[in-house]
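J.: These protein sequence lines map, in sequence, to chains A and B. Heads up: the first sequence begins at 1 in our numbering, then just goes up one per residue. Heads up: the second sequence begins at 458 in our numbering, then just goes up one per residue.
Treat the hints as calculated values from the structure; they're not laboratory data. One or more of the hints may lead you astray.
Derived lysine to any residue pairs resembling SDA-like cross-links, with alpha carbons at most 20 Å apart [unchecked claim]:
(1) A:Lys254 to A:Asp435
(2) A:Lys335 to B:Lys825
(3) A:Lys335 to B:Gln607
(4) A:Lys344 to A:Pro241
(5) B:Lys825 to A:Pro241
(6) B:Lys841 to B:Glu486
(7) A:Lys258 to B:Asp601
(8) A:Lys258 to B:Ala598
(9) A:Lys422 to A:Lys258
(10) A:Lys335 to B:Gly612
Chain B stretches covered by chain A per the calculated footprint, using a threshold of three residues with CB under 8 Å from any CB of chain A [as the list claims (entries may be wrong)]:
(11) 506-516
(12) 673-687
Pair ranges (Cβ atoms, derived) [to be verified]:
(13) A:Ala383 to B:Glu594: 46 to 54 Å
(14) A:Arg193 to B:Ser819: 50 to 58 Å
(15) A:Ala165 to B:Pro855: 51 to 59 Å
(16) B:Ala692 to A:Ala426: 52 to 60 Å
(17) A:Ala383 to B:Ala547: 46 to 54 Å
(18) A:Thr26 to B:Asp860: 39 to 47 Å
(19) A:Lys335 to B:Pro504: 43 to 51 Å
(20) B:Arg663 to A:Gly395: 17 to 25 Å
(21) A:Gly227 to B:Ser819: 29 to 37 Å
(22) A:Gly395 to B:Arg699: 55 to 63 Å
(23) B:Arg663 to A:Lys335: 25 to 33 Å
(24) B:Ala708 to A:Ala165: 50 to 58 Å
Using N, Cα and C, we set each Cβ at its ideal position, and we do this for glycine too.
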Amino acid sequence: MFRTLTALALLAPLAVHAASKVHELTLDNGLKVVVKEDRRAPVVTSQVWYRIGSSYEYGGITGVSHVLEHMMFKGTAKHPPGEFSRIVAENGGDENAFTGRDYTAYYQNLAKDRLEVAFELEADRMRNLALPPAEFDKELAVVQEERRLRTDDDPEALTFERFNAVAYAASPYRNPVIGWEGDLAELKVDDLRDWYRQWYAPNNAILVVVGDVDAPAVFELARKHFGPLKAEQVSAAKQRPEPPQPGEQRIRVKAPAKEPYLIMGYKATTLGQPNIEEWEPYALEMLASILDGGSSTRLSRELVRGAQVAAEAGASYSAFTRLPGMLVMDGTPAKGHDIADLEKALQSQIQRLKDEPVGEAELERIRTQLIANKVYELDSVYAQAMQIGTLEATGLGWPLIYQYVERLSAITPAQVQAVARKYLTADNLTVAVLDPQPLAGDAPAHAAKAGAVPHVR
Amino acid sequence: MSVSLRRSLSLATLALGLTLTGTAAAVPEIQTWETASGAKVLFVEAPDLPMLDLRVVFDAGSARDAGHPGLAAMTANMLTQGAGDWDADAIAERMEAVGASLQASALRDMAFVASRSLTREPALETALATLTKVLAEPRFAGPDLERLRQNTLTGLRQEEQDPGTVAQKSLYRAIYGDHPYAEAPNGTPEGVSALTRDDLVAFHHRYYVASNAVVAMVGAITRAQAEAIANRVTAGLPTGERAAAPPEVPALAAAKDERIDFTSSQTHVLIGQPGMRRGDPDYFPLYVGNHILGGSGLVSLLMDEVREKRGLSYSVYSYFLPMRADGPFLMGLQTKNDQADQARDVLLTTLRGFIQAGPTESQLTAAKKNITGGFPLRIAGNAKVVEYLAMIGFYGLPLDYLDRFTDRVEAVTAEQIRDAFARRLHPDRLAVVNVGPQPGTVAKQGD
């Protein structure tokens, strides 16, 4: 299931002493540095976020942002391939990177006295990536394996990929982050070179540091390592607006599987869009939590436990995206029920949100969880940096971390009902169904040979 | 919903997270005592955030299933479905109304019930009252059991559509044979179908007892509060008896090669053998050695050979999973079908080479720097510390385990690693599982 309350992610602080101020500085070359001091443990997380991801890609090069992310570990003139990871490991660091629709980010979690190690490496690969063709060939093969693992051999993930491709007509959210198989096969190292030059620059990046550090010292260190980097001419990405949906859309995905699976998505607005009331995305967040904000909420209580029509059911929506998205529900029918029963049950939940105002006690439970989760999130410097990075990369701005809970908490039952009526309409709906096809052998054929020599050659 | 793609799979990270590292500098001070009812308590005072993590662990994992696969997991899962006067809705509503969470689950060795709550009232009182009732007075109501049974069966069928899970389950069966570690905690369709309410009641009665329990707590409470809380949550548990040690794991007598036909674009190759236990005398050489071989993510030998040099797999890893009895040593990768044999050769060749030669001095130095330098990260956060407390308490590790960890890692020599790997791993008696399309079986299907 997609959603848990923690996935809401961005909440204002309760009166917690450990919740400290955020400090911000923009270097002359445009790099924004955001620092949050948190002294609970002698650790620090350093994250470089680039405003680039799959939603910036156009036809024929889907997946380029993610392949480039992989290649960021393949060296510069100063550091040969593999050297980044070796240096971080030798300094006791955890490192990784991730690519999304709206951003690509790189992080190192380190003991607090090793922050400079991260800055030196990240500054070097911000502008000086080597992109050796031989390394590209191998890494592309790795990404193709990643696609097989995550999508091609996972029937629910495959259904979700095709669901997005049908739901969106023009929005770049229709493309998978990992890229279409054919586009990956045709990708060239020069495509990456162009992409890198265009988007990897201090004026298109945010450096986020959270941990046991002093903000002025971090700013000084950032100036030293990132300050000399040249800015780039970065043009704004086109919005590629999604046209109004002219009617319900359906797709059936046939794939080897044992259990069917249902996804239903309604096009919905997001924060920062023109021509909406500012509270609408917050009302949609609350609506999604009314459905699936824990085990006491409607989908668990009424569909999994009550009617027992779903073995599992979830709802997901994010107000914090660059472009408008969807409110998505998904689920697997319980024994004795089929996809049609499950869809009907989810439809009646949507109808109820339009017909009846939600109860005050239900809303209050969600608000209480939001406030508690804000405290729990302070247990991790990484989680705090993720919130700041997401808001900065999507253009919404980090100060929202201090306003989010209040704005959600202010949502009324009438506002939830209003967004249900406005967005959860029949013409706005896309439905995808996984139609299970036989797997080899269907009772897997074992060809066990006890005692055989395992080594083939 | 954010779609994110990470460079390495969580599997590799999980393997790292299952092993502890330590340094003297930032080690939390662990306090320990026994409750009136005889449960062991481990507590760390963490005053910074107004919250409490509480984890009660029982020697009640699937190793205790005794011919009823899925029994331990079903018992744990049913705890939150009704207790005392509360049904599942009431339990969920009580916890979420105060922003608290409650989860119960069973692994192979341990079952646990964990809560997280704020320490202000009414959150703390509500969470403790609920947890206490769930431990001592679960209802195990028939209709809830039927619902969980059906949903567990659905979950088992979903696992059958995932080649990685099929491979992992097959490998455990190949490694463990008749040993209780052979089956996954969620059991088998036959086992889950056969479970009765009486089975669950008897299991709970036998294993959810104070002398079989460890209470781990991290949060903004005082020692006096912690003592009262530990007494309270275990008060409803009879003292009972500790579970007997699980049987020894026999070494594999011969190599096993299992090929499972599966409709997929990749073949999953998993290789394993009985590995080591918690508190094993070879723990440190094996842990540090495996860190070099396949336990250090992007910089491991396996990652270098399989991914960086050859581009064969997105994820490749090896790990020891130390348990009460010998837990497994596992290696694995996934690759497109026509490369499966090549990838498997690279896995085996790398393992053999490492067993034979051991690590170089520079590999060992780099591994030690990574493990000791990264120690503060592994205990940064109450969520991490409470899991370590549960682990130390459950497996009876010494309380200075964390304090001494760095020194013991530093003391490991290349020769100790080579010696331990040579004694403990036997490349001629490995269990190997391939899950993917099998050329020989296509014709059979047409018969």
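J.: All hints are to be evaluated individually against the structure, with a verdict given for each.
T.: For each hint, the structure was consulted:
1. A:Lys254 to A:Asp435: 5 Å, holds
2. A:Lys335 to B:Lys825: It is violated: about 52 Å lies between the C-alpha atoms, which goes past 20 Å.
3. A:Lys335 to B:Gln607: 6 Å, holds
4. A:Lys344 to A:Pro241: Violated: lysine 344 of chain A and proline 241 of chain A sit about 31 Å apart, past 20 Å.
5. B:Lys825 to A:Pro241: Violated - the C-alpha atoms of proline 241 of chain A and lysine 825 of chain B are around 52 Å apart, more than 20 Å.
6. B:Lys841 to B:Glu486: 14 Å, holds
7. A:Lys258 to B:Asp601: 24 Å, violated
8. A:Lys258 to B:Ala598: 29 Å, violated
9. A:Lys422 to A:Lys258: Roughly 37 Å between the alpha carbons, so the hint for lysine 422 of chain A and lysine 258 of chain A is violated.
10. A:Lys335 to B:Gly612: Holds - the C-alpha atoms of glycine 612 of chain B and lysine 335 of chain A are around 11 Å apart, at most 20 Å.
11. 506-516: holds (count 3)
12. 673-687: violated (count 0)
13. A:Ala383 to B:Glu594: 46 to 54 Å: Between alanine 383 of chain A and glutamate 594 of chain B, where Cβ atoms are some 35 Å apart, the hint is violated.
14. A:Arg193 to B:Ser819: 50 to 58 Å: Hint violated: Cβ distance 34 Å, outside 50 to 58 Å.
15. A:Ala165 to B:Pro855: 51 to 59 Å: With a Cβ separation near 56 Å, alanine 165 of chain A and proline 855 of chain B satisfy 51 to 59 Å, so the hint holds.
16. B:Ala692 to A:Ala426: 52 to 60 Å: Since the Cβ atoms of alanine 692 of chain B and alanine 426 of chain A sit about 55 Å apart, the hinted range of 52 to 60 Å holds.
17. A:Ala383 to B:Ala547: 46 to 54 Å: 31 Å, violated
18. A:Thr26 to B:Asp860: 39 to 47 Å: Given a distance of about 44 Å, which is inside 39 to 47 Å, the answer is holds.
19. A:Lys335 to B:Pro504: 43 to 51 Å: 49 Å, holds
20. B:Arg663 to A:Gly395: 17 to 25 Å: 58 Å, violated
21. A:Gly227 to B:Ser819: 29 to 37 Å: Taking Cβ atoms as reference, glycine 227 of chain A and serine 819 of chain B lie about 34 Å apart, which means the hint holds.
22. A:Gly395 to B:Arg699: 55 to 63 Å: 58 Å, holds
23. B:Arg663 to A:Lys335: 25 to 33 Å: Holds - the Cβ-Cβ distance for arginine 663 of chain B and lysine 335 of chain A, about 30 Å, lies within 25 to 33 Å.
24. B:Ala708 to A:Ala165: 50 to 58 Å: Since the Cβ atoms of alanine 708 of chain B and alanine 165 of chain A sit about 51 Å apart, the hinted range of 50 to 58 Å holds.
This entry does not satisfy hints 2, 4, 5, 7, 8, 9, 12, 13, 14, 17 and 20, going by the numbered hints stated previously.
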